[in-house]
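Chains as they are written, first to last, in my numbering: chain A, 1 to 319; chain B, 1 to 502; chain C, 1 to 367.
Source of the hints: derived by calculation from the structure; they are not laboratory data. One or more hints might be untrue.
As the list claims (entries may be wrong) - Derived EDC-like pairs (lysine to aspartate or glutamate); straight-line CA-CA distance at most 16 Å:
1) Lys240(C) to Asp261(B)
2) Lys120(A) to Asp227(A)
3) Lys240(C) to Asp262(B)
4) Lys282(C) to Asp278(A)
5) Lys240(C) to Glu334(B)
6) Lys353(C) to Glu315(A)
All values reported here derive from a predicted model rather than from experimental measurement.
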Amino acid sequence: MNSNIFVIIASSAIFYGTPLFFAALGGIFTERSGVLNLGVEGTMLLGGVSGAWASQHVPGSAWFTVLAAIIIGVAAGALTSTLLAFLCVTLRTNQTVAGLAITIFAGGVGLSSYFANIWKVAEDPVDRQVRRLDVLGWADAPVVGPILFNQTILTYLSWVLVVLASVYLFRTRFGLQLRAVGESPQTADAMGINVVKYRYLHTILGGALAGLGGVYYSLAIVPTWVDGMTKGAGWIAIALVIFGFWRPSITLIGAYLFGALQSLSSTLKARNVQVSGDVLDALPFFMTIVVLVLVSTRFAHRRLGAPAALGVPYEREER
Amino acid sequence: MTGIVKRFPGVVANDGVDVDIRAGEVHALLGENGAGKSTLSNILTGLYRPDEGTVEIDGRAMQFSSPRDALDAGIGMVHQHFRLVSTFTVAENVVLGESDSPFMMDQSRVAQQVEELSNRYGLAVDPSARIWQLSVGEQQRVEIVKVLYRGAKVLILDEPTAVLTPIEADALFKTLRAMVAEGRTVIFISHKLDEVMKVSDRVTVLRGGKTVGTVETVNTNTRELASLMVGRSVEFNRVARSIPADVSQTVLSLRGVSARDDRGRDALHDISLTVGRGEIVGVAGVAGNGQRELAEAISGMRALSSGHIDVAGEHVQSGRARSAIAKGIAHIPEDRLHTGLASSHSVEDNLALKNYRSSSLSKFRVLRRKAIRAQATDLVQNYDVKTPDTVTPVRLLSGGNVQKVLLAREFSSLPKVLIAASPTRGLDVGAIETVRARLVDAAERGVGILLISEDLDEIMSLADRIVVMYEGRLVDEVAAESADRERLGLTMGGSTVSGGAR
Amino acid sequence: MKSPVRFERRLEQPKWLNWAIPVVSLIAALVLGAIVLLATGKNPLDVYSRIFERGFAGTRALSGSIKTATPLAFTGLCAAIAFRMGLINIGGEGQFYMGAVGATWAGLVFGGDLPTGAVVIVMALSGMVCGGLYAAIVGVLRAKFNTNEIITSLMMNYLAAIFLNYLIYNSASYWRDPESRNFPAGKPIPDRADWNFYEVGGIKIPLSFLIAILAAAAIWVLYKRTRFGFEVGVIADSPKAARYAGIRTTSTIVIVLALSGALAGLGGAADVGNFRGLLDSKGLQMSGYGYTGIVVAALARLNPISTVVVAVLIGGLTNAGFALQGPDFPSGLVGTLQGLILFTAVAGEVLVKYRIRRNRRAAAVLA
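Make a model of the complete structure from these sequences and hints.
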């Protein structure tokens, strides 16, 4: 029963969707503060390569090394986004170009590849990985076993994060202020909220989460480092933020959907099921365009749309 | 507030202002635009710091370095432009920015408090409604609740009825009186005479940055307030016209024109107006009564929701600037640098901004640079524009010269109609003279001019006929020779000529 | 939290900044790159001199660099046109692919029958049409529905890549070489359809590079001399002034984006005609010309002529990167340097618009 195709797909969906979710959640925080981060792909890669390096070089027990690797990957992501925050919030450069610069700088033919080369990360497989766990020994339980009880610790972390993030955004004072900064920085400023602080903090947080997503790739999905291994996951994450209407819960579901689509075509091919993998591949991107057009209309914009001040650098008027 | 002085580059907004407000009263600050009311209130709420003078509350001197300080001292302001996040609910907006609200928001408690406040003062709002769903009047109520929620004892309202219907305005006045009955104090900033008479206990009139007088409302009337507001009849020099207007030939005709503003509300109501050949019609009124929308409607920048506009008998397509330009409508807008000109572009490009399509300046869709330059050189000389050359970006020119560029372009197109909105605002004396002389000159050559200005003196000295705009309607019309300042002041403030409230 | 400096808008933008900033940016990027190299135990002078040598020294190096620069010139122009009007078109990548698709089709269909000159024209035109239409979709979505063109153009890149994969790997399409069953590859266009090269002083200059120069000049003329260019300039300066002057903004947005896409599409056509000779799905996706084009445009400060010059620079850098790849030359250096250049370019742009002033207010508040 557990080799049933649906079970396999569901299990894979969660497994492959988790890093997408991390990066997208980071994107939600950043965009809710009004900053568009197009550097996610590069940030993820830097996080991934840093985590891989740490896993190969930090001494200690396996658990300790893996934990250190995760932390280092997250830190690398946070650092990268600090640069983005500096460019976008303090210097008020064009956010799109700044984000692209980071992706090119850090991306598959950029710094992440450079570091991998220098640190010789790709030469050996990464031993100390984030492996799938067997929670409560129920990994073989019918249906739910492989799907829910056989995932990595990071996946379980992501479930906790969904709840925390949703509560933070919609039920706490800080979440309210964050959303105000993204909707109308002038109003937030007038109400005494520090726009710069919120934008910096949440851009850095977004980078940290992207780094976490990158670590997932290098330590959980593939045991060896490959240049550019995220293969566009960062860009998908950007689409995912929109697809999820800037809400963590919907984003989680979307991540699993996209994850399913990613693994679907190869899974089906292995079963000799002829299906156009290309249509499946294209679906997430096409859907994102549709969603975007829909939320741009006046009707939807107010209820479901992007933070109103997204992508616009904030300049306070002279007193 | 004693001896308040506040200077900005080029203008003294408050020049030794004294205002004395008693607890538990509704005190009105009356004045025209530029009289200094907003500046004064901004000082009181901590947005600006006075250059000189003191602010005392209950006898204690206060120094505000930010709006937070003012709020802590119990002063809250309801601005003309609301500070609300439109996708948030009422409750969320009220509680936003509160520093001592709990980490986890208790929506129901906030909602309860909001309901309590709104019921107490008759400010009905639904705490869970989203701002974009509310009418403007309701949004204003949210702003008031916001201020009350923070425990403000003194409320300042800046032109609150500008966005309200008469019924909503009356509801607001009831609310204000209820608040005052409880011991709070209200400062009511306005230019509307009848409202000031209706709601206030005392009135301080400001003019030109100075306090002109403070009176008990019961002891005064709109006539007296009007004269205080606009000043005793100063001898104005009417510019002599050698060629009088020919009213028999109509160059501009508006019939039943209505239009909406950017927020979708009605800005112009059923305006009918004619301008004769060579006639200067002055549109008087305090800013914000639809003048900008009127100028935009005629020049084709704004579509009409109903009505017709004709130029010399020919119909002008609604909302099509090209049609207006082609029919001979010239427009000198209020906002010179961002609407009338592309400020980073050169003088010569701006001079060609409207006629670059004509065959003299472009051939086969290619611009004839030499011709553009020649036109610019010519115009710069004729209109005495002081600029290093014709390729200098216009934003580097002084205010007077920027205006001259506009004049040069608009006049040289030999229009039939010219709309001039606040043409001499911010200019020095010499430039003002030049502009006015040019306007008269154009009129004498047969151009019909619609002069929209907040400066009553200017209108009275230049216009042949004067109309008054108030809340999007034309409420008065007089011939210039028989125009009476006091009467105009009254109608500008919304009163009818007989002097009572409407 | 008052910062010690504040940014004040400049009133005048001195002309000399226009070329000084890109030069300084480039130098700053090289310095930053040197720091990275030093920090990881490499000798920057050594690395840089090898890059210079392989990229620019000698006719062979220059030929290779100009070849690499050609597609970048087109995608750079694509980005520059759109950015100048404030439209952030990052879909140059996808528009390039579509141009390649269209041109390959034209080359395959007409390549055997028509003389070379005519085929070149037909291929170029189909490339432009395909790229232009692809971009026009983004334009219509933006003009009519106010949909953010950044995300839509990005998504379209992915759709285009998937389409390429479909044509070459996952179908027996017209573009696929029927003889390449094991390792799918594109069908080569007939020899007659290959575009020419010209030798100038030992350097081989592809026809498409000359076309790029022509295109840059044409765009320069368009923006400086025509009515359309004038209107675009006014819209970019002040949409309100454009409304005042009766300029139609909506259609202009679509036209500018279509032009932008047409240029990228022309680049795709050139790539097929002059270099690859077939639809190379994998190769195109790995090259990332569209994204690199944005770097080129940014450093060239959106000026069309500078774009071609900067393309040669970046082309040389990229070319050297390929040639030097090996155990002792760090991979990823090219992308790192490109990224650094883009950083310094945007930071430099800020300096053009603002000046840095010490914040004296802080002192006054405390007084």
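Each hint, compared with the structure:
no.	hint	result
1	Lys240(C) to Asp261(B)	holds, 15 Å
2	Lys120(A) to Asp227(A)	holds, 12 Å
3	Lys240(C) to Asp262(B)	holds, 13 Å
4	Lys282(C) to Asp278(A)	holds, 15 Å
5	Lys240(C) to Glu334(B)	holds, 13 Å
6	Lys353(C) to Glu315(A)	holds, 13 Å
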